[in-house]
Amino acid sequence: MAPEDWLRSVEDCASSPSITVVTGPSSSGKSTFAKRLVNRCLTGLGKTAPSVPAVCYMDLDPRKQEYTPGGQISLVVARHLNLGPSFTHPSILPGSKETSTNEVIRAHPIPVNLANYSDYYQACVEDLFIAYRNLHSQDSALPLVVDTPSFLYSPHFDLLNKLLARLKPHNVVHLGDTRTIGTDTAARLQLLQTAASQHHGAVHDITTQQPQLPPLRTEAELYTMQMQSYFHLKPSSSNLGQAQIPGWATDPLSHSVPWEFCYEETPERRQDVVGFAVYSEPLEATSLVHALNGSIVHIVQSTSSAIPAPYTSLARTRKHHIPFFPESECLGMVEPLDPRTTRLVCTALVRGFNVEKKVVEIVVPKTHESLLYSLSPERTILVGGCCDMPEWAYMEDAYAQQGAGATQILASNTPAGMPLWVERERSIDDMGYLNTRTHPHLPGLGNVSLGLEELANIQGLSAPEISVDAPVEGELQGPPVEASATRRPGQLPAQRLWTLEQTRTYADTIVKVPEMAESITEGTLKQWSKQVGDHVEQDEEIATIETDKIDVAVNAPEAGTIKEFLVNEEDTVTVGQEIVKLEAGAAPAGGKKEEASDDVKEPAPKDQETSSQPEGQQEQSQPKDESKPEPPKQEEKPQPPKQESKPEPPKKESKPKDEPKPATPGSREERRVKMNRMRLRIAERLKQSQNTAASLTTFNEVDMSSIMEFRKLYKDEILKNKGVKLGFMSAFSRACILAAREVPAVNASIEGPDGGDTIVYRDYVDISVAVATEKGLVTPVVRNAESLDMVGIEKAIADLGKKARDNKLTIEDMAGGTFTISNGGVFGSLMGTPIINLPQTAVLGLHAIKEKPVAINGKVEIRPMMYLALTYDHRLLDGREAVTFLVKVKEFIEDPRKMLL
19 MAPEDWLRSV EDCASSPSIT VVTGPSSSGK STFAKRLVNR CLTGLGKTAP SVPAVCYMDL
79 DPRKQEYTPG GQISLVVARH LNLGPSFTHP SILPGSKETS TNEVIRAHPI PVNLANYSDY
139 YQACVEDLFI AYRNLHSQDS ALPLVVDTPS FLYSPHFDLL NKLLARLKPH NVVHLGDTRT
199 IGTDTAARLQ LLQTAASQHH GAVHDITTQQ PQLPPLRTEA ELYTMQMQSY FHLKPSSSNL
259 GQAQIPGWAT DPLSHSVPWE FCYEETPERR QDVVGFAVYS EPLEATSLVH ALNGSIVHIV
319 QSTSSAIPAP YTSLARTRKH HIPFFPESEC LGMVEPLDPR TTRLVCTALV RGFNVEKKVV
379 EIVVPKTHES LLYSLSPERT ILVGGCCDMP EWAYMEDAYA QQGAGATQIL ASNTPAGMPL
439 WVERERSIDD MGYLNTRTHP HLPGLGNVSL GLEELANIQG LSAPEISVDA PVEGELQGPP
499 VEASATRRPG QLPAQRLWTL EQTRTYADTI VKVPEMAESI TEGTLKQWSK QVGDHVEQDE
559 EIATIETDKI DVAVNAPEAG TIKEFLVNEE DTVTVGQEIV KLEAGAAPAG GKKEEASDDV
619 KEPAPKDQET SSQPEGQQEQ SQPKDESKPE PPKQEEKPQP PKQESKPEPP KKESKPKDEP
679 KPATPGSREE RRVKMNRMRL RIAERLKQSQ NTAASLTTFN EVDMSSIMEF RKLYKDEILK
739 NKGVKLGFMS AFSRACILAA REVPAVNASI EGPDGGDTIV YRDYVDISVA VATEKGLVTP
799 VVRNAESLDM VGIEKAIADL GKKARDNKLT IEDMAGGTFT ISNGGVFGSL MGTPIINLPQ
859 TAVLGLHAIK EKPVAINGKV EIRPMMYLAL TYDHRLLDGR EAVTFLVKVK EFIEDPRKML
919 L
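Positions in the sequence shown are counted from 1; adding 18 to them yields this note's numbering.
Derived by calculation from the structure, the hints in this document are not laboratory data. We put the CB at the ideal spot given by N, CA and C, even for glycine. Be a bit skeptical, because a hint or two may be false.
Here are the simulated distance ranges between beta carbons [as the list claims (entries may be wrong)]:
1. 691 to 62: 47 to 57 Å
2. 689 to 817: 34 to 44 Å
3. 286 to 828: 20 to 30 Å
4. 596 to 828: 22 to 32 Å
5. 97 to 703: 30 to 40 Å
6. 846 to 555: 45 to 55 Å
7. 710 to 285: 40 to 50 Å
8. 828 to 215: 44 to 54 Å
9. 599 to 867: 54 to 64 Å
10. 693 to 137: 41 to 51 Å
11. 877 to 825: 49 to 59 Å
12. 586 to 559: 12 to 22 Å
Calculated pairs, DSBU-like style, for lysine-lysine (alpha carbon to alpha carbon, straight line, at most 35 Å) [what the hints assert, rightly or not]:
13. 730 to 868
14. 692 to 740
15. 908 to 793
16. 740 to 916
17. 826 to 730
18. 908 to 820
Hey, can you work out the whole structure from these sequences and the hints?
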């Protein structure tokens, strides 16, 4: 029973939607109080306040998270009661499709050794607060409960003061213990009261004598239980009035998904992960295998245009070619990524490295499988060193099957004289199972490198029942063995995956609007690619969403049949909104895939039907049941297919589009066409640039004779050897890169609130190239252009231009950019003033080449001349710097040999 002052403080804090910060020393009951406050707000028990549908919970303790796995801090929207210990309540299922479940809004991995990363921790907290502020702007009645760790109370009380100043809480709850009351505690309490009074907040001091109860489980066991609950599904009771005791999974294999990340590009597959990161000192400073194998890692997605070199420039071990950090890189550690440009996608268990395939094998919860399909390979990073816990993976499945009685199983599988719990620092020397191949066999979960027969024995099935030669009939039958070249990135071979299908229940899958970019939160659903009742394969396109930058395809997360459209065409949809209900499952037996054309195909010749081809070369247009003999084929005349009535997707009634008609004499017709999202965004950005930047344009004239002669001399050779058509854009790009070294402000930007108060200088150059498309002007980015030669720049520009014309640009192609080049000369422009692409500082405009008489050494000659226009932000660039930059570009173009010096 909680003391009266606890209950009174809970009632006071829950009496109105507010911000409450809970703080105090270690083991003072902060998390328990915070959870009770959340439950109180959700249930509305009592007489003073009604219930609320959701509560924001900001958990700032990376060691003991309440709603997410450890090793991170998180912002969660809690909609369901939490009645159990840290993250072990059965109802807390990450990624659940229930509308009443909790939702992780933002999360950041936190290094174990936080003392060296206080600035990073503070930046992550700030990012979580910004995420809460965005939610609060949509729902002003959304309360916030902040659970602070003990290290903010001592020794980092200054961080707590900054947090209070930022949050401006209505309530500060101070939890203490009479045995720890002293001058330090009294002083901190006084500081809390002073900080709260500045923001008209109240301090609730709860100081009680807490009884010292013997722990039921060791700290290592609690960490193990917390991580198990993330990877294993547990039964739950919907009756909140009954006592709910956390249960253990009996079949964890059906709820865990094996996955592969390729860490080095091979001829068979592309690279799936850009690099690894260790946020604390690994066991061996030279090898990531010993730091990650068998441990917990966070899968992090970056939106930054430039990922730091330690993540992408990893060395390799001489023996196994496994990535590692050199000793010069802080003994294996790297600085954490900027929390403003990263997001934690999910947590994974590393099961081993396969050095032959150059992949790292992981396991993720089944509920988070769909998140892996949305990852961008060039932006994916595995982060370790955030979970300060024992080597729990050795214990996970024994506990999953036996609960607290797993000691006997462990004793029989543990080397003689070995303790049941082994800390990570001792695991290699004592146990010796961290290796460069695979994780050891664990009963219950199934090693991802096990063979089919071993995997069958784990599930209690006999090997003949699930062998490939004698597949199980009906829905339990697995897919045919597929060639490695046709597998999607990250997918394990069918032999390893199809046993999971035998225990899967095909509930409806809700397809949501995918995440598109940090700056894009909504779009317009332009077109449905399928109809209700159509069967779709995994990753097949269902719909197209038009955004202000690109068109985004919505793909099916798994194979199934479209059951219902939840929105209409031309509706505005937001990221995460549910749009399609999909009935998961394979195509109906004997059914055909949707034909691309309505025309009736001619039947194949008889000799072609009876011919035999090697497996893998035959067309798989119809699923076949190999366990049954095929019926004899009969020659039939081709008949048109029956037109089955299918429900059409809901569409808004709209007038037919007005087609342009030839104008008649004396007519005064008007057409009104709604601006598409890209056009609206372009208009908004251009007006923003005009209102924000102090734009000024300076001009110059360049003699193109030398660069044209240079191009004529080498274009055929480069086209033959490199397959690239050499143009002028690469020359001007290279000239701008070299000129920016002398005038770095051209490549800088002004950033910060209220128009900006900080200048950001960069040692890299990302050139935005303006490309005109049917929908409007886009500016794809040539990244790290300073590291490319002219041929490399020309090839990158050509590739981006083709993708733009084919409408295949991605968000990553257009994100960022530090300097823009716009070539209006291709359309015949003689002179113009380009507009700055914020937050960039300058843009160079190229124009048409015209032969003109010019004075050369006192004589008049006809030369090919071009006007250059540099529009720059006078807030950052002075006129002298802008003119100097443009003159330098002119010098490089008029004498290309200088670009080689």
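Hint check results:
no. : hint                   : in the structure
1   : 691 to 62: 47 to 57 Å  : holds, 51 Å
2   : 689 to 817: 34 to 44 Å : holds, 36 Å
3   : 286 to 828: 20 to 30 Å : holds, 23 Å
4   : 596 to 828: 22 to 32 Å : holds, 24 Å
5   : 97 to 703: 30 to 40 Å  : holds, 37 Å
6   : 846 to 555: 45 to 55 Å : holds, 47 Å
7   : 710 to 285: 40 to 50 Å : holds, 49 Å
8   : 828 to 215: 44 to 54 Å : holds, 51 Å
9   : 599 to 867: 54 to 64 Å : holds, 58 Å
10  : 693 to 137: 41 to 51 Å : holds, 44 Å
11  : 877 to 825: 49 to 59 Å : holds, 51 Å
12  : 586 to 559: 12 to 22 Å : holds, 18 Å
13  : 730 to 868             : holds, 17 Å
14  : 692 to 740             : violated, 44 Å
15  : 908 to 793             : holds, 33 Å
16  : 740 to 916             : holds, 23 Å
17  : 826 to 730             : holds, 32 Å
18  : 908 to 820             : holds, 29 Å
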